[in-house]
Amino acid sequence: MNLRHIWAVTRKEFHHIVRDRSTLILVLFTPTALLLLMAYALTVDIKHVPLAVLDYDQSQTSRAFVQQITAGQDLDLYAYAASMDEIDAMLMRGDIKAALVISPGFAADMQALRGMPMQIIIDGTEPESGGFAVEHIAQRAEEFISTALASQLAARGFSVKTLQPIDLRIRTWFNPDLKPRNDLIPGLLSMVLGFPALSVALTLAHEREHGTLEQLLATPIGRTDLLLGKIIPYILVGLINVIIIPIFAIAWFGISFNGNFLLFFGLSALFMFSILSMGMILGVFMKTQAAALAVSFLVIFFPGFFLTGIFFPIASMPEIARLEASFLPGTHYAIITRGVFLPGVGLDILWPNAVFMVFLGVAFTLVAALFFRKKLG
Amino acid sequence: MNDAKSIIETNRLTRDFKSATAVDELTLSIAPGELFGLVGPDGAGKTTTLRLLAGLLDVSDGEATVLDFDLKSQAEAIKPHVGYMAQQFSLYGELSVLENLQFFAELFDVTKQEQNERTQRLLEFANLTEFTNRRAVHLSGGMQKKLALACTLIHQPKILLLDEPTTGVDPVSRREFWNILTELHVDGTTIIVSTPYMDEADRCSRVGLMYAGKLVECDTPQNIRGKLEGDVIQVQAEDWQKTLETVAGLEGVSEAQTYGEAVNLLVDNGKKRLPEIEAVLKKSSIKYRSIRIAPARMEEAFISLIRRMEAE
Chain P
1 MNLRHIWAVT
11 RKEFHHIVRD
21 RSTLILVLFT
31 PTALLLLMAY
41 ALTVDIKHVP
51 LAVLDYDQSQ
61 TSRAFVQQIT
71 AGQDLDLYAY
81 AASMDEIDAM
91 LMRGDIKAAL
101 VISPGFAADM
111 QALRGMPMQI
121 IIDGTEPESG
131 GFAVEHIAQR
141 AEEFISTALA
151 SQLAARGFSV
161 KTLQPIDLRI
171 RTWFNPDLKP
181 RNDLIPGLLS
191 MVLGFPALSV
201 ALTLAHEREH
211 GTLEQLLATP
221 IGRTDLLLGK
231 IIPYILVGLI
241 NVIIIPIFAI
251 AWFGISFNGN
261 FLLFFGLSAL
271 FMFSILSMGM
281 ILGVFMKTQA
291 AALAVSFLVI
301 FFPGFFLTGI
311 FFPIASMPEI
321 ARLEASFLPG
331 THYAIITRGV
341 FLPGVGLDIL
351 WPNAVFMVFL
361 GVAFTLVAAL
371 FFRKKLG
Chain Z
1 MNDAKSIIET
11 NRLTRDFKSA
21 TAVDELTLSI
31 APGELFGLVG
41 PDGAGKTTTL
51 RLLAGLLDVS
61 DGEATVLDFD
71 LKSQAEAIKP
81 HVGYMAQQFS
91 LYGELSVLEN
101 LQFFAELFDV
111 TKQEQNERTQ
121 RLLEFANLTE
131 FTNRRAVHLS
141 GGMQKKLALA
151 CTLIHQPKIL
161 LLDEPTTGVD
171 PVSRREFWNI
181 LTELHVDGTT
191 IIVSTPYMDE
201 ADRCSRVGLM
211 YAGKLVECDT
221 PQNIRGKLEG
231 DVIQVQAEDW
241 QKTLETVAGL
251 EGVSEAQTYG
261 EAVNLLVDNG
271 KKRLPEIEAV
281 LKKSSIKYRS
291 IRIAPARMEE
301 AFISLIRRME
311 AE
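Quick note, the sequences are listed as chains P and Z, same order. Heads up, the first sequence is in my numbering, so the first residue is 1 and it goes up one at a time. Heads up, the second sequence is in my numbering, so the first residue is 1 and it goes up one at a time.
Careful: at least some of the hints might be erroneous.
Dumping the calculated BS3-like pairs for lysine-lysine here, alpha-carbon to alpha-carbon at most 27 Å [as the list claims (entries may be wrong)]:
hint	chain 1	residue 1	chain 2	residue 2
1	Z	72	P	375
2	Z	287	Z	271
3	P	375	Z	214
4	P	374	Z	158
5	Z	242	Z	227
6	Z	18	P	375
Covered stretches of chain P (chain Z as the covering partner; in silico rule of three or more C-beta atoms under 8 Å from a C-beta of chain Z) [what the hints assert, rightly or not]:
hint	segment
7	123-131
8	190-197
9	241-255
Hints are computed from structural coordinates only; laboratory data are not their basis. Here a beta-carbon is modelled for each residue, glycine too, at the ideal position from N, C-alpha and C.
All chains, full assembly: derive it from the sequences and hints.
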């Protein structure tokens with residue numbers, strides 16, 4: 001280890017990042033842009049599903065029912081249809097995602113406490129909206145019936161406190177509104193903050209393609225020093241993102257940050273080191289920038305997406321995937337970001353993940369240095 | 001062969017690539033302070049030879065020592081003492097002239113004090129003082145070459161390996177560049193330089209001619225010129241085009257080339273052919289100012305040697 005050599009490469013690389021506009025943009029703004037894009041694309045709250053109603057009953061009760069289910073922002077009454085053909089046409093055109101058919105005698109059946117057939121038609125090409133409509137209608141129907149029943153029973157002299165014997169009181173900790181974004185965005189940080197790994201993977205291939213590697217290899221610099229010198233500036237630039245992105249997440253998405261920021265910053269630096277070392281391994285093996293780019297997506301970003309537990313719980317993965325997940329820096333960092341943001345946990349709980357990230361970073365760097373040869377061709 | 005005085009010594013040094021053997025059993029001994037020119041047609045193995053000596057390529061077979069370090073096992077130990085300049089521009093375009101110099105100074109462990117002294121001197125040396133803060137990418141081709149040379153000189157290497165340092169450089173810069181090399185040569189630096197220019201080969205103390213990965217000739221420029229089979233007859237004609245057409249196919253004339261107004265003919269035997277050619281020119285009523293047996297130049301010697309190689 002020759003600190004002077006490391007620093008010389010770091011300074012050189014830093015100049016490169018700052019002066020080459022495309023690299024600067026890639027490193028500095030992509031994480032924020034990516035977070036914005038993914039946060040919006042992946043947490044679409046379903047609202048305003050257009051619904052048509054074919055009411056064969058045409059009673060006051062049926063109209064009250066329709067009014068109840070279309071109240072609020074969840075379902076929008078697109079139109080009253082006159083026939084099944086009309087519903088068919090509206091579904092074909094994509095004007096509606098669901099249709100409700102109320103059978104004749106709806107009001108009478110309810111009055112008589114008979115079973116009331118009701119048909120819901122949904123557009124299977126968009127199961128999320130359709131499923132949402134079904135769930136919503138079923139829930140509102142239950143409320144509607146309960147209310148109706150209670151009033152009927154009351155009319156016959158029964159005093160009814162409630163029709164629901166179990167009083168279920170759910171209390172959600174850490175994310176009281178159960179907003180998926182509150183949990184997703186801290187998880188996404190492990191993806192977006194790892195993005196500069198791409199630049200690191202490209203940096204050796206870039207020097208190879210520009211011919212500068214030839215001159216560099218002719219100097220006495222040590223292999224590990226060269227690789228560390230190349231990783232460090234990306235860690236430093238990446239740490240700017242570690243400051244920008246939480247501020248952005250708090251200010252823009254209204255996510256609460258309950259942990260210790262200094263702890264978060266320090267652990268983020270460890271994450272940077274381990275994920276960028278992973279990028280460096282690719283840089284050592286891939287001789288062209290195009291190959292490094294392609295393989296980065298295959299080895300860093302797709303597993304980072306699917307295996308780090310951001311979207312799919314690791315516990316429900318097959319064993320081999322769980323094993324792979326434990327060797328991804330993103331898995332540990334996702335646990336850290338989720339822990340630090342919402343519950344605000346500290347190092348007493350997160351230390352194993354921190355230790356593991358350091359281990360991965362050192363191991364990756366050593367592997368990269370071991371396979372990096374100061375030779376051309 | 002194991003000359004104790006040599007600074008570079010190769011013995012059947014070989015480098016194979018997947019498709020071809022780029023350097024084929026090269027045996028060479030270079031004494032300290034030599035200015036050694038490496039010439040040969042494209043693909044002869046000059047670049048591979050220089051890269052091998054710089055420790056940038058693995059040796060496939062044979063041995064080599066540079067400064068008594070074994071090239072195969074001690075390549076890294078050689079690097080601090082060698083200045084290598086690649087054929088294509090291989091400095092950092094986004095860094096300024098000064099930053100490039102500083103970068104290589106740091107990697108070669110040049111102390112700050114030495115750095116300051118040498119940077120100033122090298123910038124003057126390379127006529128780059130007024131471009132100190134210009135980014136390397138914005139320099140002209142010739143200036144880039146001089147900066148690259150300055151970067152390889154910052155640690156005052158004992159050995160300089162220069163791969164076609166003047167290719168694509170204008171004649172004035174080329175002259176300047178060679179003046180710098182001559183100064184270094186005088187100061188005692190061992191220099192190995194590959195070049196496609198025969199006038200440059202002529203300025204070397206010794207020249208190695210490579211062909212198909214082999215060193216086919218290795219001697220002083222004077223001796224190489226002497227190895228020319230045949231003589232050069234130079235005709236100063238008024239109409240060089242017509243002269244060329246008339247004499248090109250004559251018996252004993254293997255090569256005809258023009259140098260401005262002059263036509264140089266490579267012939268098997270000057271004394272025998274001179275009267276014959278004179279007779280043909282007179283018969284064709286071509287006017288010429290002079291016809292004489294001229295001293296062979298490196299270029300003719302080179303071409304004739306290559307022709308012989310190709311024929312074999």
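Each hint, compared with the structure:
| no. | hint | verdict |
| --- | --- | --- |
| 1 | Z:72 / P:375 | holds, 12 Å |
| 2 | Z:287 / Z:271 | holds, 21 Å |
| 3 | P:375 / Z:214 | holds, 23 Å |
| 4 | P:374 / Z:158 | holds, 21 Å |
| 5 | Z:242 / Z:227 | violated, 30 Å |
| 6 | Z:18 / P:375 | holds, 16 Å |
| 7 | 123-131 | violated (count 0) |
| 8 | 190-197 | violated (count 0) |
| 9 | 241-255 | violated (count 0) |
The structure does not agree with the numbered hints 5, 7, 8 and 9 stated previously, though it agrees with the rest.
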